[in-house]
Amino acid sequence: MKRILLLLAVMLIAVSSLSAGVGVGAFGGLAIPLVQDDQDNGTAFGLKARLKAIPLFVIEPYLSFAKYGDKAIEGLVGGEFKGSKVNSYGVDALFGAPMGGPGLKPYFILGAGFFSTKPDETNKVAVDETRLGFSGGFGFDIGFGPTFSLDARGKLNVIPQKDGGSKKSATLTAGVTLFLGK
Amino acid sequence: MKNILKRFGIPAVIAASLLVMVGCLVSGTFVVIADIDSHCFTSADKFYHYHIDLTTESEWNDHKDKIDFIDAVGFDFYMTNDDSSDVTFSVWIEPHSAPIRTSVADVEANAKEVFTGLTLAAGAQDRHITYGESLGYIKNLTALKGVVKDGQFNYYGLAAGTYTDNQVCWDSAKAVITVSAGN
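Taken in sequence, the protein lines are chains A and B.
Yeah, the first sequence ends on 182 if you go by this note's numbering, and it's all consecutive.
Yeah, the second sequence ends on 183 if you go by this note's numbering, and it's all consecutive.
I should point out that these hints are in silico values taken from the structure, not numbers from a laboratory.
Hints may be right or wrong, so weigh each one.
Pair by pair, the computed Cβ-Cβ distance ranges are [claimed, not checked]:
| hint | chain 1 | residue 1 | chain 2 | residue 2 | range |
| --- | --- | --- | --- | --- | --- |
| 1 | B | 102 | A | 74 | 50 to 60 Å |
| 2 | B | 121 | A | 75 | 19 to 29 Å |
| 3 | B | 99 | A | 172 | 25 to 35 Å |
| 4 | B | 146 | A | 104 | 50 to 60 Å |
| 5 | B | 141 | A | 78 | 17 to 27 Å |
What the simulated footprint calls covered on chain A by chain B, stretch by stretch (three residues with Cβ under 8 Å from a Cβ of chain B suffice, anywhere in the stretch; the number is not a length) [stated by the list, open to error]:
| hint | stretch |
| --- | --- |
| 6 | 31 to 37 |
| 7 | 79 to 89 |
| 8 | 141 to 154 |
Positions of the beta carbon are idealized from the N, C-alpha and C atoms, including for glycine.
Throw the hints in and build the complete structure from the sequences for me.
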């Protein structure tokens with residue numbers, strides 16, 4: 001929680017100090033657990049900022065809140081695995097992403113963040129910990145003028161686990177970004 | 001060359017990174033379900049032994065050499081108490097290599113209690129303990145995961161209380177094990 005508050009503070013500072021050229025936005029969509037037989041598809045939503053780094057790319061700090069769906073246990077009447085909550089915060093680098101402006105602009109995504117996986121409160125035996133994870137993917141912006149854009153993207157998230165192996169998921173989201181200082 | 005790198009370098013790095021991440025997909029979380037024989041308790045023994053052997057399950061065998069850790073362990077079963085007094089049910093486990101225990105005292109002295117506190121009311125018929133409900137009764141989770149990871153272990157069900165033979169029964173029991181492993 002402290003780290004999330006810290007990141008929020010950092011994002012606010014960045015927005016206030018770099019208002020000459022920042023974007024702020026929100027996103028939402030699907031959270032898809034990959035090779036996790038005990039989880040089903042769920043939802044994800046979050047907040048993001050977009051900051052210009054160097055000419056080739058922009059950076060995008062984000063806060064994301066995902067909840068997987070419950071998964072029925074095959075062969076058991078009424079048996080199900082409860083969907084976990086996966087909250088994360090981190091920074092993505094967007095290669096080729098715009099800072100506003102009209103038109104369709106595709107980009108690549110690479111990022112890292114902290115992923116906190118919490119089982120449903122009725123499931124007291126599953127893992128509950130925060131781990132550093134990595135993301136990659138593709139997306140595109142559709143700009144409507146200099147200050148407003150819609151985007152869609154797909155990201156693959158890999159969270160290495162303490163005892164080996166990793167938890168994987170994908171997110172398919174759509175978002176909106178408002179560019180300030182234009 | 002610089003132009004080529006400039007034009008294709010970053011996408012190539014991204015693509016390579018994604019390939020590495022996709023390569024990691026061979027590991028994942030898998031579910032193994034093992035049946036446990038039904039049983040009716042006698043007033044003399046008040047306990048029940050079953051050898052759980054996950055190595056006969058294809059899902060376990062597919063991943064047994066690449067298990068990273070046991071995610072979770074739970075149970076799903078039905079219980080009946082046809083007697084007039086409440087019965088308390090618990091589960092104890094020991095590694096496969098341990099000798100088979102011959103009495104409740106022997107179990108309690110040597111095995112590890114991993115499921116505790118379930119009271120079965122007098123007259124209860126086919127009380128269904130779901131996987132989710134069973135998680136609330138689990139204790140000594142670390143020990144439970146350690147024993148389960150061996151793939152075989154001794155399971156003891158104990159029914160404490162006052163009852164006559166064959167009045168307290170459990171059936172359709174399954175152990176549900178979630179495993180993180182390579183493919």
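> Looking back at the hints listed earlier, which ones does the structure fail to meet?
Replying inline: 1, 3, 8
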